[in-house]
Every structure is written in C-alpha cells, then in structure tokens.
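Asker: One letter stands for each residue in the lines below.
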Amino acid sequence: MHIAAVKKIIDECENTKTILFDWNIEAKPGQFVMVWLPDVDEVPMSLSHLSGTKGITVEKVGEATAAIHKLKPGDKIGIRGPFGNGFSKAGSSGDSRSSNKILAIGGGTGIAPLAPTVEKWAAEGCEITCAIGGNTKSKLLFSERLKNTGSSVHVATDDGSDGHNGFVTEVAEKLLSEQKFDRIITCGPEPMTVIMVQLASRFEVPIQCSLERYMKCGFGICGSCSIGGFRVCKDGPVFDGRLLSSLAEF
Amino acid sequence: MHIAAVKKIIDECENTKTILFDWNIEAKPGQFVMVWLPDVDEVPMSLSHLSGTKGITVEKVGEATAAIHKLKPGDKIGIRGPFGNGFSKAGSSGDSRSSNKILAIGGGTGIAPLAPTVEKWAAEGCEITCAIGGNTKSKLLFSERLKNTGSSVHVATDDGSDGHNGFVTEVAEKLLSEQKFDRIITCGPEPMTVIMVQLASRFEVPIQCSLERYMKCGFGICGSCSIGGFRVCKDGPVFDGRLLSSLAEF
Amino acid sequence: MPSSRTEIAGIEMQNPTILASGILGQTGESILRVFKEGGAGCAVTKSIGIEPRDGHGNPCALELDNSLINAMGLPNPGIDAFGDEIKIALKSGKPVIGSIFASTPEDFATLAGKMEDFGAHAVELNLSCPHAEKYGLEVGTDPGRVGDILAAVKSKVKIPVFSKISAMVPDIRGLAKTIEASGGDGIVAINTLKAMKIEPEIGKPVLRNVYGGLSGPAIKPVGVMCVFEISREVKIPVIGVGGITTGADAIEYFMAGASAIQIGSGVHYRGIDVFKKVNAEIIKFMEAHGYDDLSQLIGMARGV
Amino acid sequence: MPSSRTEIAGIEMQNPTILASGILGQTGESILRVFKEGGAGCAVTKSIGIEPRDGHGNPCALELDNSLINAMGLPNPGIDAFGDEIKIALKSGKPVIGSIFASTPEDFATLAGKMEDFGAHAVELNLSCPHAEKYGLEVGTDPGRVGDILAAVKSKVKIPVFSKISAMVPDIRGLAKTIEASGGDGIVAINTLKAMKIEPEIGKPVLRNVYGGLSGPAIKPVGVMCVFEISREVKIPVIGVGGITTGADAIEYFMAGASAIQIGSGVHYRGIDVFKKVNAEIIKFMEAHGYDDLSQLIGMARGV
Ligand SMILES: Cc1cc2nc3c(=O)[nH]c(=O)nc-3n(C[C@H](O)[C@H](O)[C@H](O)COP(=O)(O)OP(=O)(O)OC[C@H]3O[C@@H](n4cnc5c(N)ncnc54)[C@H](O)[C@@H]3O)c2cc1C
Ligand SMILES: Cc1cc2nc3c(=O)[nH]c(=O)nc-3n(C[C@H](O)[C@H](O)[C@H](O)COP(=O)(O)OP(=O)(O)OC[C@H]3O[C@@H](n4cnc5c(N)ncnc54)[C@H](O)[C@@H]3O)c2cc1C
Ligand SMILES: Cc1cc2nc3c(=O)[nH]c(=O)nc-3n(C[C@H](O)[C@H](O)[C@H](O)COP(=O)(O)O)c2cc1C
Ligand SMILES: Cc1cc2nc3c(=O)[nH]c(=O)nc-3n(C[C@H](O)[C@H](O)[C@H](O)COP(=O)(O)O)c2cc1C
Ligand code: FES
Ligand code: FES
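Protein chains in written order, with my numbering: chain A, 1 to 250; chain B, 1 to 250; chain C, 1 to 304; chain D, 1 to 304.
Among the clues, some could well be false.
Said to hold, decoys possible - Taking lysine-lysine and the DSSO-like style, the derived pairs with C-alpha atoms no more than 27 Å apart in a straight line are:
| no. | chain 1 | residue 1 | chain 2 | residue 2 |
| --- | --- | --- | --- | --- |
| 1 | B | Lys101 | B | Lys120 |
| 2 | C | Lys134 | D | Lys204 |
| 3 | D | Lys277 | C | Lys276 |
| 4 | D | Lys204 | C | Lys177 |
Since the hints were made in silico from the structure, they are not lab data.
Just chain A, same shape as in the assembly:
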C-alpha cells in the first residue's frame, strides 16, 4: 500500500472534486486504485490523472466519498493499485482494426478515466470525438480538459442546460450514423453502457466499456466483483462489448 499525502484539491464541477497526490508508478489509462480513508472505508476510484502526479476525481454520493471531499492538502490516504486492465488502442484479441478515429462516450464520473485516455491517445495522433453527458451543465465533468486535447467535444444534459437536451447516447447514435469510427470507448452509468453496446453492435464498431461493481480485494481473488465469471477488478474494468453481450448478468 502506498501512503500518499494530498497535494492539491480541485473543485471540478458541482459535487465533484479532484484529489491530486504524488505517486511514482506507471499506470495505464482506464486503470483504477483502491483509496483507503482510515477509519472510514476503502473504495475504488479511476485514475483521472496519470502523470508523475496522480489524481482521482470523485463525486460525493455517500460516506466514503464525503470523507474524500473533506480531505485537506497534507492529509494522508492509502492507495492500492493500479489495478485492472485499462483501455487499449489495440482492442481485444482478434480485433485487428487500426485505431485512428475514436469515439469516446462518457457519463458523470465515468468521464474521469476517459479524460487521461483521450489525452494520451490524442497526443499519439488519434482523431478523437468525445460525447459526454450529465444531469445539468454545472455537473459536466472535464469538458474543457477534453477540448484542450484538440478533440471535438459534444455535450448532452438531461435538462438541456448545455448542448443536446437528452441522453449522451442520442448524441452517440447521431455521430455513429454520420461518421465511420474505428473504435468506441465508454464509461458511465450502466444503462448508458448497455445502450452503447447495442449501438456499437448495430454500427459494427468494436467497443470497450469500463464497468463498475462493488469491490473488496481489488486484485482478483475474492470474487466480490464477478460478472458472469469475470472479475471486474482484474479481467476488467474494461470489457469488450461482445463479451458483455454474451453475459446473462449484463
């Protein structure tokens, strides 16, 4: 376990903060960590910042996330990981497409692992189109950060306060019908992911989906996070859409 002192805290959007800390370790975009708040809990969080300084971006939804929101610079947290497979430009085995043109679909804090992925792949020369969604304008995460990568960024809000009035999946459907993508990556609420898997199948584009499940060990031995025999913490959190379609539990 790595013990990190909180270095900086950034208010990202309503109810969501980024916690930055130093941790000298290689991590891949889409990987997550287990964050220990002593006396409170330990919860899984995607890495939203991957350079020398690492970061997590956390929405307050309950006790552990509230404790994260109360952290001050200098406070110590325990970090285990990085865990999981992360997004892959190469795709899963048997998938030999190139990854020049990518569609990234994110909802809520699901945008947290997408942002560093888009940053990295854009820098490597991919042409990325992002579509991100949230309840309302003040809850949209990382829209500026994504734009700064040079990607085109489409926005959807449930209340129409910014961009498309409706679900981000509707934006995705439009984009898929207009353009040809080599690959889709997605992270967000499970209903969004389910629709994206269907869209990807319809438009015959490979899709990688990052899932969330209740986690205990984080490294693949306890089985708490199983979905159809696969461990979200170890075999995932990023799964190929075709695998997910084949699972009864999804």
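Since the structure of chain A is already known, use the hints to place chains B, C and D with the ligands on it.
Answerer: Just chains B, C and D with the ligands, lined up with the frame of chain A:
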C-alpha cells in the same frame, strides 16, 4: 539450497577426491559451501573450482567425508552458499599495499581454496610463490595445478618423500628471509596458521589466513563458529593476521 | 506421460489441483471459469453459512511482501441462495466440494445436508477461518467440539466430510486423531494464519476488521509441516493448502503426505490458469524423475 | 532529536533494539560485539539449560524465500559454564537478559537463580521453541503449566521474569492473562513458527530434525497480531519479535503495543549493525512525524 548432480569425480591424491558439479553462480576464491549429504550430514567445504563448473576437494576423515567419497556421477547433493568473505587482493581496510608479489602457503586440504585463488590472481598478473605441505608425497594436493599457473611451487613433506623434509612453514620462513612479498595468503591446519601469523609479523608482511571451525548455519546467525566474537562463517573464513593475533582464543 | 490423477475418499480428480475455498468461489460462473480456463481438477466453494452475510468492511485484503492478508469475514449469500451456484458449477462435470461454516453442530449438519442435496461431491467444514467471530478458528481448535460437529455432520450426510483445520493449535496431531476417530473422511490443512498489518504512516491497523488471515508463499513451510505431522498420525487422506504457486511447491506437499493440493493466493500470483501451470509442472517433474503415478510421491518424505 | 530510550520492568535501554535469543548469543564475546559494533540496546543470551547440549545435527538452518528456518535444537554449554559468558557480556554496561529452558518448574527456578547470581538483569523463559522435544513449545502452551513455572521462578528470583511465548496457541490472550496473574513481569512474542522444508529433488526433509522454526520477514504479520492481542489484554510490558529488519517494522510493533523489540534473523538480512540501522530509522521516523518520545508510539494502533 541448490541441488546439484555430481558431474565428475577426480582422485586427487591419497584419500582425497574432487567432486565437480554444475552451479551457475558467482563465487570468490576462498569462499566455501555447506554440502548436504541426505540422511548423513551437512559439512563446510571450500570451493576448489570456481568456473561455471564448481568443485570441492575432500579428504576422507569421518562419516560425512566418507559419504562424499562414496558419491557417484549423477548422485545428488545439496549445496548452500557460497558463504564467507574469501581472499582479497586489496587486503583488509587500512592496508593499501599493492599485491604484485604474493606468497601462498597451504597445508593438506587447506590447499583446496588456495588453488583457485592462485589461478585467478596469477591470470590477473600477480607474481605468486607457492609453498605447500603434506605428510608425504602421495598426499600433496594440487602441486601440478599450481605449477600450471606459472607460479613457482615449493614443496615440503613431513617424511621428506618430496621437496623439503619438514614443515612447509620452514620453507615459508626461508622464502620470506630471501624475498620481499607484498602479501601472504594461507590455509591449512591451525598450528601452521599460527606459525605463519608469527612469521608474517616478524617479516612485516600482511597475511590473510583462512580458518576452520565447526559450522552449523553457515551464514552468521547461530554463533556456533565464533572466535572472539567473530564468526568464521561470515566475518571469515579469511581473517587478517593482526586481528587473529589480538584474539585470546586463537 | 505420467499421470497426476488422484483420488480422495472416492472422489476422482483428473489432476490434483483444487481451487481453495474463498477464492473466486462465490458464484457458479466463477467456478466454471476456474475449471475451464483455469484447469483445476476440483473446486471448493466459498464457505457458506445459514444466513446471508456481508462480511467485513473494506479494506479487507491487501498484498504484503510474499504474502496476502485478508479479512473478508465470510461474505456469502446464505445456503438457500447457493443451490443454483452449485448447479452451475456442476455443469463442468468435475467434482465440487461445498465449504460450510457454523457455530453449532446442528447448523453444520443442516448446511451439509443442503450441500448434499444441491449435488456437492463432498463438504469441507471450515474449522479454521481466523477472522470471523464465533466461527472458524473459534470452533475448530478444541478436539471435543470438533468431534461433536463431525458426529452431527456424519450422521446427516453420506458424501465425504473433510475438515479444514488451522496451524495455530498446539497439538495438531491430537486434533487430527479426533477427526479420524469421529469418522472424518479427510483433513484439509491449512487455513490462513491469524495476522495483522499496521500502517506506520497512519498509525492504525489497515484491515477494517483489524485481524486477518495470512496466505501465500510466506506460509508454505508451516503448511507443509502440518501436512507431514497429520499424515504421519492418521490414515485418512490429507489435502495440502498454503502458499502453493508452483509445481515444486505442490510436490513438497505430496512428499509430506498430501493426496491433493488446493491453491488460493496462487490465483493472484500466477493468474487463473495457475492450476494448469502447476499441474504441467508436476507432470514435468514426474517425467524428469521417472515417476508414472502421483501415488509414488505421496508421503515420500515421511519414508513411506 | 527525538529519544528512542525505553524501559521494561525497570530495565532502562538507551535504544529499544534487543538481540533476540539464539542469534550469536552463545558467547560473551559475541554479545559484546553485538553491543559495540551492532549497537543493540540490550541483549538476550542463547537459551541455556541445566546440562550442556549439542543440539540437532546438520543441516540445521537454511534460507527460504523471505524467511529462515532453523532447528538448532538448543545447543548450549549448560548453565554452570555460562557464568563467565554473562560476565564478559556485562562488561558492555548494557542490560543482559538470560534466556533459559527446562521441562519442570524446579529446573526453570534453578536456572533463573543462577542467571540472577551471574548478574543477568532479567530472565526470559523459553516457553516456545518449536523444535526441541520436551522443551519450549511443549511446555509453553498450557496455561496451567505456564502458571506453575512462573510461580516457581518468581519465588526464586528478584530480577524481572519475562515469558517468551509462541503464536501457535489457540488463545494467546488467555495465556497472556495467566502470565500476568502469575506475577510475570513481561511477555515476549513471538518465537519461530513450527515449520519444515522438503527438498523435491531429494524427496526428504532438509533439516536433520525434520521440524524447525520459521523466522524472518514472512512471520512479521503474525508477530504484530500477537503483540496487539496481548497488549490489549494485559498491563505488563510486551516485547515484540518476529521479522523485524527495518525501522518501519519496529514501528509496527510499537504501534501494536510493544515497549521494545528484538531482532534475530535481521542480523542475517542487514548485518550485525542491524540494531544501529533500525534505531536510526526509528529516530528518523519520529523526527519526520514530530514524535519526541517512543512512548507516544507505543500502543498507538490500539487507539491508546
Ligand atoms: C472500477 C471503479 C472505478 C470507479 N471510479 C470512480 C471515479 O473515478 N469517481 C467516482 O466518483 N466514483 C467512482 N467509482 C464509484 C465509487 O467507487 C463509489 O461512488 C463509492 O464507492 C461510493 O462510496 P460511498 O461510501 O461514498 O457511497 P455509498 O453510500 O457506500 O454507496 C454509493 C454507491 O457506491 C457503491 N459503492 C460503495 N462502495 C463501493 C465499492 N467498494 N466498490 C464499488 N462500488 C461501491 C454502492 O454500491 C452505491 O451504489 C468507481 C467504481 C469502480 C468499481
Ligand atoms: C570453512 C571450512 C572449509 C573447509 N574446507 C574443506 C575442504 O576444502 N576440504 C576438506 O576436506 N575439508 C574441509 N573442511 C573440513 C571439513 O568440513 C571436515 O573435514 C568435515 O566436516 C568432517 O566431517 P566428517 O563427518 O567426515 O568427520 P567427523 O568425524 O565428523 O569430524 C572430523 C573433523 O571435522 C570436523 N567437523 C565435523 N563437522 C564439521 C562442521 N560441520 N564444520 C566444521 N568442522 C567439522 C570435526 O570437528 C573433526 O575435527 C572445511 C571446514 C571449514 C570450516
Ligand atoms: C481472499 C481469501 C478468502 C478466503 N476465504 C476462505 C473461506 O471462505 N473459507 C475457507 O475455508 N478458507 C478461506 N480462505 C483460505 C484459503 O482457502 C486457504 O486456506 C489459504 O488462503 C491458504 O492457501 P493459499 O496460500 O494458497 O492462499 C480464504 C483465503 C483468501 C486469500
Ligand atoms: C538460529 C536461531 C536460533 C534461535 N534460538 C533461540 C533460542 O535459543 N531461544 C529462543 O527463545 N528463541 C530462539 N530463536 C528465536 C528468535 O529468538 C526469535 O524469536 C525468532 O527468530 C523470530 O525473530 P526474527 O524473525 O527476528 O528472527 C532462534 C532463532 C533463530 C533464527
Ligand atoms: S474485488 Fe475481489 S475479485 Fe474483484
Ligand atoms: S555457523 Fe552459524 S554463525 Fe557461523
């Protein structure tokens, strides 16, 4: 523990055999190993061969050494180590002499760790004079091997059957009074070592002596091999003559 | 090619590697995957109790040097919800052992009866989990109590009953004899060692439950010792578990007297196909040393 | 600079690192060296018995992954020959604790009396060695027997009496309470774990004695757990031992409740000056975290 199959057995001289085995590890001249004969015992033996193929050269004196003499090619033995410090051309700290001209004094199986030392140092350009002793001609170890290094080799036997009739320390005394040496290395029965330490002090030549003590762990924790607070297995087996002179137990 | 087939109390296994209880054994699908992708010869389920249980809060598992520590706290869906999982696991056609935990002989018997009804090939009594109050180790060190539990379970079921015991008892041979005398069909040794981790920078225990169980390579020498001691003492088969990640580790356990071995933490160290890998290494060892049959190795270090 | 001084049952130590019994403690000269060159704050002698004893044959110690295993078998010169060694060790001016082993309360009392006469600052009762028949673990797991031994020793000597116990007991808290109730002045935990090593290529146990004791980093999480459990239960001081090689390891034990710590295998892992190194690391940690006094750390993880 390394399990080695006996590769080759060489009859060296009366009652003394060399056991060769493969063991891919770095060892310094003067280091020793603990040799496990399953169901019998485990005993310390100097490494007499240090290249890719390692070897020990063993005089039969009791149960364990008799078991070693009974080994056949292909038999398996357990090897722990290499242990101990080994001989050092640099000498102990505070001793900044060069080591061009070296006197190597060996008695009995004490010649076993000296031979690879002389081989190595001679190849590195040292001018080495060897004096080795044994009870009788048929018990003299490695005289040809030492000659092959290009060193001058003097011999002493207790019964005069070869070379000087008497102790090897007498040959050493003569050499020391005739020539100027940078360093003496020695290994053999303890009375021989005691005399060599006295000679070294009289002729003001630094001396390194390899000692033997009853050993159990071999790596410095049990204390069985202590001499004046020093562990023969770990702080030795090679000790500086001045340190030995200061110890009551020597 | 030499055969690593083995048999314990009439249960035939194509290979002697068994999934240990608590590792990926909470769902039928996971167990299926351990068989298909992993190559296990047999699997033990997560330990199941009478009622559903959440287990301890997080953190509940972490990696230490050369070992893992966990305090899952026996999370499980309760026996009644577990029948379906067993049924899925049984689709593999391989033997499935139902692990159960309880505080009383009666509850153990009830659980064993249900496991038998579900089609489990055997039950494994968890008499050794070191981090769940009132269960496991707390009921499993006193020979009298263990005898009572076995008597109740044996009078209830026909399938073999294995007892999984802890190394943290002063007289493991006495305990083993009691188990044999009470009709036990086999002994599984060892469970995790009671242990804990404190984080100096924080000044607190890391596990939410404070205490946990140590597993992985660090505990192997203790496990091998227990198997050796037990198998010298009793005639019923012994299943070895603790720190096995390689074929050589497994061979140590066989030579100590184990008729089969279980792997838990090894799934972390070498992946889900650790069973395949370990079995291949066992066969390679047997080939290199001229053994045809696993039984030639079993108990060898005891001079058997 | 923060101070790492500590005190146990009236014995003052300039630093809290103590040489554990059986490591280099067979001669006075070795102990002197552990003080002078090694920097230990206190030393425990090898366990000494009534009669001289050779111990077990070779092999009797080997290195495993992350641990050592040994079956020295309590080799020692016998108590009467040991007075001179204690006298040499006492030249250091530092506290020396005499470790003793026996099978009966009377022999323990005799040995303790002689250690007191020799000038030892305390005695440590070896109730936990796992590889010497009739001694150690075989007399040290039953609270009744331990109580009798302590009663006999306490009525014989005035110097503090420490009891060194094993982790391999089902109820370490009960044992600790018995020790406190019987007048024990401190508890030392833990000794090595009973273990063994089989060499697959040979098909035999490696240790001549078959069984040995596991020490070193692998056992630390078990030792920390025991110290935590014991120090929650009793008021007498606890000395932590098992797997300590760094300052961070020592801090874990302090936070668990240890008032001082012993180092054995650490001598192998980091050299004879492991005591100096560990103490320097403790002080550095205290400095970095703003602690002045070791007592601030002791029991911290228990919420003390
Ligand atoms: C791989 C992964 C990556 C994640 N990344 C992020 C992220 O980048 N940003 C973010 O804000 N959130 C992320 N989450 C979700 C985050 O873990 C939960 O919001 C958090 O655990 C809630 O804890 P709580 O005590 O505040 O809320 P609670 O009141 O305990 O629960 C609120 C919700 O969180 C779920 N939850 C609680 N504990 C866990 C747990 N141990 N594992 C999984 N889910 C849990 C509950 O089931 C419930 O749905 C991620 C989850 C996973 C599995
Ligand atoms: C560092 C070192 C290097 C050695 N190198 C060689 C060598 O290269 N060739 C060689 O022939 N001999 C060497 N010896 C000596 C060798 O270890 C003994 O001859 C051997 O242990 C005798 O065992 P045994 O059972 O045959 O005889 P025993 O009948 O047991 O004893 C014969 C003699 O050997 C001594 N001895 C027995 N066991 C041990 C032990 N565990 N440690 C040390 N001494 C022991 C006894 O004290 C006695 O003096 C070395 C010893 C040491 C300490
Ligand atoms: C995460 C985890 C959960 C476990 N759960 C159980 C359990 O429910 N029942 C049980 O009898 N043993 C349980 N164990 C113990 C293992 O079955 C096994 O005895 C132990 O881990 C030692 O084997 P290993 O070193 O191969 O892991 C668990 C171990 C781990 C690591
Ligand atoms: C070679 C060796 C010899 C030991 N001898 C004794 C002994 O005589 N008496 C005793 O109480 N403990 C003995 N022990 C146990 C240690 O004192 C200590 O409790 C144990 O090794 C755990 O600590 P460590 O991990 O720091 O080594 C011995 C340990 C070793 C490794
Ligand atoms: S959280 Fe334990 S297996 Fe995924
Ligand atoms: S043989 Fe154990 S210290 Fe040297």
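Asker: The structure should be examined with respect to each hint, and the outcome stated for every one.
Answerer: Evaluated hints:
Note on Lys101 of chain B and Lys120 of chain B: the hinted pairing holds, with a Cα-Cα distance of about 14 Å set against a maximum of 27 Å. Between Lys134 of chain C and Lys204 of chain D, the direct Cα distance comes to roughly 39 Å. Violation of the 27 Å bound is thereby established for this hinted pair. Between Lys277 of chain D and Lys276 of chain C the CA atoms are separated by roughly 44 Å; this puts the pair beyond 27 Å, and the hint is violated. Between Lys204 of chain D and Lys177 of chain C the CA atoms are separated by roughly 24 Å; this keeps the pair inside 27 Å, and the hint holds.
Figure legend: structure checked against the earlier numbered hints; hints not met, in rising order: 2 and 3.
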